[in-house]
Each structure stands twice: as C-alpha cells, then as structure tokens.
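Visitor: Listed here are the chains, written in short residue letters.
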Amino acid sequence: MTAESNGPMISITNVWKYFGQFPALQDVSLDIAPGERVVIIGPSGSGKSTLLRSINRLEEIDGGSITVNGQDINDKSNDINMLRRGMGMVFQQFNLFPHKTVLENLTLAPRKLLDLSRTDAENRALLLLKKVGISDKANIYPAMLSGGQQQRVAIARALAMQPAIMLFDEPTSALDPEMVNEVLDVMINLAEDGMTMVCVTHEMGFARTVADRVIFMDHGQIIESGPPDVLFGSPRHPRLRQFLNQIL
Amino acid sequence: MDKDEGQSKANIIMVTDGPAIPNPRERRLINAWSIALTGAILSLLLLCYAGPSSYREALLFLPDGILLTFKLTALAICCAVPLGLLTGLGRISRNRCVNLIASTYVEVIRGIPLLVQVFYIYFALSQFLRIQGVPAAVIAVSICYGAYMGEVFRAGILAIPKGQTEAARSLGFNRFQTMFYVVLPQAWRTILPPVGNECIAMLKDTALVSVIGMPDMMQRARSFASQSYAYFEAYTVVALVYLIITLLLSKIVSVIEARLNYYDRRK
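Protein chains in written order, with my numbering: chain X, 1 to 248; chain C, 1 to 267.
Simulated from the structure, these hints should not be mistaken for laboratory data. Be a bit skeptical, because a hint or two may be false.
[Said to hold, decoys possible] FRET-style restraints, in silico, Cβ to Cβ: (1) L129(C) / L114(X): 46 to 56 angstroms; (2) D62(X) / L100(C): 23 to 33 angstroms; (3) S93(C) / Q246(X): 40 to 50 angstroms; (4) D72(X) / Q132(C): 57 to 67 angstroms; (5) L100(C) / R236(X): 48 to 58 angstroms; (6) F22(X) / V134(C): 41 to 51 angstroms; (7) W16(X) / T104(C): 55 to 65 angstroms; (8) D72(X) / I252(C): 46 to 56 angstroms; (9) F19(X) / L100(C): 23 to 33 angstroms; (10) I252(C) / M82(X): 37 to 47 angstroms; (11) Y18(X) / E107(C): 43 to 53 angstroms; (12) E107(C) / P43(X): 43 to 53 angstroms; (13) K71(C) / Y18(X): 49 to 59 angstroms.
Built from N, CA and C at the ideal position, the CB exists for glycine as well.
Just chain X, with the same shape it has in the complex (with noise of 0.2 angstroms):
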C-alpha cells in the first residue's frame, strides 16, 4: 500500500455509529495525513476506542464514510481484507496466539497471507523480534512471556505484515506499570521511523513526547484537538480543563 501525494491517509467523514440506542460516535470527522501521529484521549465510554476499530472495519459504521487511501473501508466492492494488510492493529489484550510461538505468531500473516517462504518469512519476523528486543524468545509460547513482552511481540506481529498504518487501542493499560516504558519505548522508535500511527492510550507522557496531534473525545464526539503543547498546555473546552486535572 503507497501513500498517495496529496490528500489525507486516513478520512473520517461524519461518522456515526450506535450500540443499540446508545450513539457511540455522533458525526465525528477526522483527517489523518500520511506520517502523522495521532494520539487520542477521552474518559472511558468517549467512543475513542470504536472510532479507531472503525477505521478497520473491526466496528462497522452506521452513518457517514471512512476511507483509507482514498478507498472506502465500507464499500462492499473493496476487500476489506486486502486493506486491513495495510493496517497493523495492537490490542490493549495483546491477543497473542497462544497455539503458536513467539517466531509462528509472527510469521503465520505473512506465509499465509503474502505467500513467502518460510525461510524469508523467519529472517523477517527476526529483525523484528530484535527491533522489539526480544529475539531471545522467538520460540517459545506467549504464555510464558510477560504483558509488556507479549505487548511487545503483538507490535512485531502487526508489523510483519508491513503496513503503511498502525493502529493502537490503549496498548499499555493491560500492563503492570513496570511494563509499560518498555512498550512505548518501542512505540516511540516506531513513530521515529516515520510509520502513520494512530494511538487511543491514557499515557500524556507519550501523547507529548511523540504525537504530531492530540484529539480529545467525550460523548462519542471530537470535542478539541491540537498539537499537544496547545492542548495540555492551554486546554480551552471545560470539559478537556476537567478531564487533564483528573489525570495529571
């Protein structure tokens, strides 16, 4: 998947989506440029997690477009599947395959989907596995690995399908605080690459040191968004003031 010249990576037009009567995203409209990092806060219930599972399709969408190097995620004639290629996602869970080593969770994506040898397949999961700091483990079973090193081969995983966008629901709130440096560390050589990050998570400290934009959302709508010295530093909306005390 190549970035297009011009124009957004990502475009959320006028979204909407609702769990039963409860309206989840309430006309939320987002561009994201190619290389941006975006970061987005909110209290929990602000919808900041199902905007971003939309934008793979892991939610569908009642109203309004989302699309994806100019192609449409919801439009039946796209196959979702060749576009979610092009998205690594990280789970606040991990959702590591347990059936699988650390080497086979990363290269299962890549032989099925991409048909590579096995052999290529392995040298590439490697690197990554050393990029992430953790080579010493490929084959062994997740289960016997940390949170903050699970978290840290599911980022691997994600990226050995090289995607053009990587998509991070709350990856670190799973982690026993010890974990978590270790997991944004990663995270922040990511966004360092140049790689286009999308990234719902309740650490300010990373939203400041790597973020090019900082969204904050409540009740399922984008109430204020800015680069982040602005929006820490001079919050203007009542409610983003309320929500920076509760957590700084």
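Start from chain X and add chain C according to the hints.
Guide: Below, chain C alone, put in the same frame as chain X:
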C-alpha cells in the same frame, strides 16, 4: 484471560453427559478409574478361570462381536466428527439459511431416540431404499451423534476469546482462514474431552444396533444366552467387556487431552 478460560470450561461442562474421562491431574494410584478397571479385569478373569465354564464359553463367543463393535464405532466416528464440525460451524454461521438448516437438524435429531432412528433407517426406509445392516447402523449412529457433537463444536468455538478472531481479522485473514488457522486449533483443546466422551458413548450405543440383527458384541451375547440359557453369565461377561473397553478408551482420551495443553505451561 484466566476468566475467559474459566468460562470456557463452564461452557463445556454444560454440554457433556458427565465426566466419563478421568481427570489427568488425578495421579493417585487408587482412584475411581483404577478401581473400576482393576475390578472389572479381576472379575472377568476370576469368573472365566475359577467360575463355571459357561462364563468362559460366553467370553470366547464374543470376539467377532467385539470386532464389529469397533468397526461400527470407528466408521461412525469418521462420519460423526466431520458432520459435527460442519453442524457446529453451521450453527454459528452468519448465513441465515445455513444456520437454520444446522439448527433444525440438531433440534430434530436430538428429539428422536437413537433406537427409533435405527429402526427408521433400517426398517421404515426399506420401503423405498434398501440399506444394508452395517451402513444403516453407521448412518443412524453418525446422524444422531453428529447433532450432539455439533453442539460440542459450537460451544468449543464460541469459548475462544473474541480477541483472537479480531487479531486474526486485523492482520487480513478472512473469516474462513481465521477459523482454520486461529480458532479451531485452539478450540480443539476444549472440544476434545467432550468429543472423546461422545465417541465413547457411541461405542456403548452401538449396542442398540443389535436390534437390527448386527452381530455386534451385544447381539453375540444375546445369541449365546438364547442358545445356552446362561443369561446371567452372558450379560455379566458382555457388561464387563464393555466396561473394560470404555475405561481404556477414556484413559487414552485423557492422555491426549493432557498433551494438547502443551502451550499453557508457564515458566
């Protein structure tokens, strides 16, 4: 994650007929399984060597029947397990038509006793289509157990956390690939014990096909009894042989089950 596993166990317990399979963590020498097996083998040996000769004759009359029972069971397992898998997949299918067919099959078959199904296929259908004894028996047992196993497969598949499917789909796997590369290999572990249970139950239920004249273990015991009038001896021996076979099979299933837990071991 632990909570999910607890829930999956709970799901499985709901669909089994009861724990026929010994707990692999039960390591003591004296447990229900070993008492039952030793008791059965000792009684059989004692009766045949120290008891009246009719016990020995009854036992010697059985081997052909044992073979047929195994043959019927093996054939029925080969048909029922794939049928169960298809039914289970059908029951969770998003395609309404497929789902309805699978669900109706399960409802209908579960509501009719196996004995009636055996009679139906062998005698009632013979008006239109003559089915030989062995195929009729295998068809009846497979169709019946395919429905039960469908429920086991369904529960086992649903017990796999949703995050596994989401992770696979987010990598670009389609529904089918997700099922076969990610969900089913994990579901096997929870599905195997109840499926093993069903297979053992199948072996026992093949005794029902003796009513259509199949010379299985049960039928052999019946003919021995009617020839020799040694009813007590014949049925005691056949009961002990069934017991020994099912106890051994349940042990095998529990060993396989323990092997399937390989990736759960922690540091």
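Visitor: Between S93(C) and Q246(X), does the C-beta distance stay in 40 to 50 angstroms?
Guide: 45 angstroms, holds
Visitor: Is 57 to 67 angstroms right for how far apart the beta carbons of D72(X) and Q132(C) are?
Guide: 58 angstroms, holds
Visitor: How does the Cβ-Cβ distance of L100(C) and R236(X) compare with 48 to 58 angstroms: does it lie in that range?
Guide: Given range 48 to 58 angstroms: holds, Cβ gap about 55 angstroms.
Visitor: Is the distance from the Cβ of D72(X) to the Cβ of I252(C) consistent with 46 to 56 angstroms?
Guide: Given a distance of about 54 angstroms, which is inside 46 to 56 angstroms, the answer is holds.
Visitor: Take a look at whether the Cβ-Cβ distance between E107(C) and P43(X) falls inside 43 to 53 angstroms.
Guide: 46 angstroms, holds
Visitor: Does the Cβ distance between F19(X) and L100(C) fall inside 23 to 33 angstroms?
Guide: 27 angstroms, holds
Visitor: With 49 to 59 angstroms as the target window, see if K71(C) and Y18(X) comply at their CB atoms.
Guide: Because 57 angstroms falls inside the window, the suggested range holds.
Visitor: Is it true that D62(X) and L100(C) lie within 23 to 33 angstroms of each other by Cβ?
Guide: Once the Cβ atoms are compared, 27 angstroms apart, the range 23 to 33 angstroms for L100(C) and D62(X) holds.
Visitor: Between L129(C) and L114(X), does the C-beta distance stay in 46 to 56 angstroms?
Guide: 50 angstroms, holds
Visitor: Starting from the hint 41 to 51 angstroms, judge whether the C-beta atoms of F22(X) and V134(C) obey it.
Guide: The hint (41 to 51 angstroms, Cβ to Cβ) is violated, given that F22(X) and V134(C) are roughly 59 angstroms apart.
Visitor: Take the C-beta atom of I252(C) and the C-beta atom of M82(X), compute their distance, and say whether it sits inside 37 to 47 angstroms.
Guide: At 45 angstroms between Cβs, range holds.
Visitor: Check the following: the C-beta atoms of Y18(X) and E107(C) are separated by a distance inside 43 to 53 angstroms.
Guide: 33 angstroms, violated
When the structure is compared with the earlier hints, violations turn up for hints 6, 7 and 11 and for no others.
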